[in-house]
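So the protein lines, in turn, are chains A and B.
Each residue of the first sequence is one higher than the last, beginning at 1 in the numbering used here.
Each residue of the second sequence is one higher than the last, beginning at 1 in the numbering used here.
Bear in mind the hints are in silico, worked out from the structure with no lab data behind them.
Cβ atoms here follow ideal geometry from the backbone N, Cα and C, with glycine treated the same way.
Among the hints, erroneous ones may be present.
As the list claims (entries may be wrong) - No more than 16 Å apart at the CA atoms, straight line, and that leaves these computed lysine to aspartate or glutamate pairs for EDC-like:
| no. | chain 1 | residue 1 | chain 2 | residue 2 |
| --- | --- | --- | --- | --- |
| 1 | A | Lys172 | A | Asp198 |
| 2 | B | Lys241 | A | Glu105 |
| 3 | B | Lys241 | A | Glu109 |
| 4 | B | Lys241 | A | Glu98 |
As the list claims (entries may be wrong) - Label-pair ranges, simulated between beta-carbon atoms:
| no. | chain 1 | residue 1 | chain 2 | residue 2 | range |
| --- | --- | --- | --- | --- | --- |
| 5 | B | Gly131 | A | Val21 | 53 to 63 Å |
| 6 | B | Val261 | A | Ser27 | 55 to 65 Å |
| 7 | A | Thr200 | B | Arg222 | 33 to 43 Å |
| 8 | B | Trp244 | A | Val21 | 31 to 41 Å |
| 9 | A | Glu180 | B | Trp244 | 30 to 40 Å |
| 10 | B | Trp244 | A | Asp187 | 34 to 44 Å |
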Amino acid sequence: MAELELDALTKVFQDGDDEVVAVDDVSVEIDDGEFLVVVGPSGCGKSTTLRMVAGLESVTSGRIRLGDRIINEERPQNRDIAMVFQSYALYPHMTVRENMSFGLEESTEMPDDEVRERVEDTAGLMGIEGLLDRRPTELSGGQQQRVALGRAIVRDPEVFLMDEPLSNLDAKLRSQMRTELQRLQEDLGVTTMYVTHDQTEAMTMGDRIAILDGGRLQQVATPLECYHEPANQFVAGFVGEPSMNFFEMRYEEGRLVGDAFEYPLPAEIDEAVAGATDVVLGIRPEAVELVGERDGGHDFPVVVDVVEPMGNENTVYLEFEDTAETLVATTDGMLRITEDERVTARIPEDAIHVFDGTTGEALHNRTVVDEEVASVPTE
Amino acid sequence: MRDILRTVRRRLTHDDPSTDGGTITEQRPSPGATQRVRDRLGDRFGSDFVESLPFWLPTFLLMGLFVYGAIIWNLLISLTDYQGFVQPDYTNLDLEMYAQAFTDSSVVSASVNTFLLLIAFTLATLAVGLGLAILVDRHIRFENTFRTIYLLPMSLSFVVTAQFWLWMYNFNNGVVNILLGVVGLGPVDWLGNQSVVLWAVVFALMWQFSGYAMVVYLAGLRAIPTEHYEAAKVDGASTLKMYWRVIVPQLKGSTISASVVLMVFALKAFDFLYSLVSGYRPPAGSDILATKMVREAYSNLNWAYGSAIAIMLFAMALSIIGPYLVYQFRRGNL
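Isolated chain A (complex conformation) (with noise of 0.2 Å):
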């Protein structure tokens, strides 16, 4: 077990002429024993990241850290780490047996009887001991799953690298082996970095998570900080479903004027705000509010455009009149609303967003109601 340290990492590929950056400048520190999450949208860097540590791709500039080893130049055998590939990537001829064997034999000196019971051990920790001598091809998506994570354990590595290992299971097997692949990794105790790009994988599963974007590091921070204070409006856009309401808007002293609305701003987010001319006002679906009366600069008249009943919650598309913008809200699953139907939306001032109109930075985030709850991590 180490700490891993990634010191302003970059890749850059050669297409052709061209040079395509991959990861620019990505730092981060992964205490030991730490879960952390890499999140982004497909092509952000995520994998070429993971697959760097691992010493699958070399490093173009920057410095990896495992403990006090730096190991940018180490071949990925001597780098003591294990990786999950999305792929599982099990070796189709061989047992799994052999295959969670095959990297003890090449990396260790282990005589056989302590390879055989590490692996038989290892099996039982995963629920498999049945399929010992089966073969990759024999075994449902959901066991070569666990078989792969039971090859990646019995190694003991220092660190784990997890590359979408849930992305081909399906979505209710998916859930089951979110909790326990991070009961797991709780229990051993290995600094884990894992790749995803499904946020509630990383809004779940992670101690941080770190937010990548066209290769550029966004935020590292824990599920909730990320959620309730992003550093950005991509991290604002990324994290939560449905997605947060942005809404461009110009700054006039005091107050924000957009297409659709105009929003006057109390006193200490103005002073956060003031300086920027364009902004961006972001607010969470579920801290929309419908309310009966229009009372005050925070209620604005819709019609409701769509309803999607979910059971527990409605998420209702709203529109403001003579205009294209839309505002989502979710709302009580029993809340009784109608398409066409003409509502009044509150945007409360305590659940905005302000954001920097030309480079995203948050000017301001909404104030966390209760600071306990919040703050406390999702372990």
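Since chain A is already given, all that's left is putting chain B on it; use the hints.
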């Protein structure tokens, strides 16, 4: 042919498709005699058996007569004492020719040579082909050019290869001896020395066919996902171990299909040896069953004896192809 095979397979594996029990049977007038025959044939060999007859029957008959008929006739001749310019006598059939062949030292040495050629050529070609395939597969520059260059000898005819290697192996001016001379070895009389000539032939054939083995292996390598290489590396395997334990075992299918083709080519090495000396007598020490057979039949007019050797060669070829066909059949590829 496919229909027949399918029917046979269905019968062997007993997996007749069953209906759901709720099909509607049409009330039809009772069928005439021709219709009954057609129906019975259809039941036995599949519903489009009669309709497909014109398409496969002519080739089926021609193949039957000229390939399988000829084999059977050849078998018959091998049981007679047919020799010289007289007509064969089919009344007195015995295994005398086979008995004679088993005690004939030249047939025995030809068999040994055939085996040596078969094994050495196949193994060497597979090994070289695998090596080339692995090298070409490592995303080298000019990959396609190399692939073409290595495959090129395959497109040459045996006659050309033989002539080419005849020059290469020339005692005085051959490239091989000149190269060996540079490092102070030789010269070696490659085609005249009984103990090396067979290996010289093996090498020449390997030169021609390793490109083929490379292509088969390359296809196999391309089918292995990159993650297997990466997983093996992360698992701590060195490059050599990675290939040996993870990649090469996955090429089993490619090895089997390539070796069957190569073995059959080895048995047919007659063309090469014939072209090498422009005659039925290959260099001493490189006589194989194929050359011996032709020599007995066409030079010595020992028709029955030649036929017996031919049948022995046929049995050898069958013993290679047979298991392969069974293997493919079991996997449902036929």
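How the hints compare with the structure:
| no. | hint | in the structure |
| --- | --- | --- |
| 1 | A:Lys172 / A:Asp198 | holds, 15 Å |
| 2 | B:Lys241 / A:Glu105 | holds, 11 Å |
| 3 | B:Lys241 / A:Glu109 | holds, 15 Å |
| 4 | B:Lys241 / A:Glu98 | holds, 14 Å |
| 5 | B:Gly131 / A:Val21: 53 to 63 Å | violated, 38 Å |
| 6 | B:Val261 / A:Ser27: 55 to 65 Å | holds, 56 Å |
| 7 | A:Thr200 / B:Arg222: 33 to 43 Å | holds, 36 Å |
| 8 | B:Trp244 / A:Val21: 31 to 41 Å | holds, 38 Å |
| 9 | A:Glu180 / B:Trp244: 30 to 40 Å | holds, 35 Å |
| 10 | B:Trp244 / A:Asp187: 34 to 44 Å | holds, 35 Å |
When the structure is compared with the earlier hints, a violation turns up for hint 5 alone.
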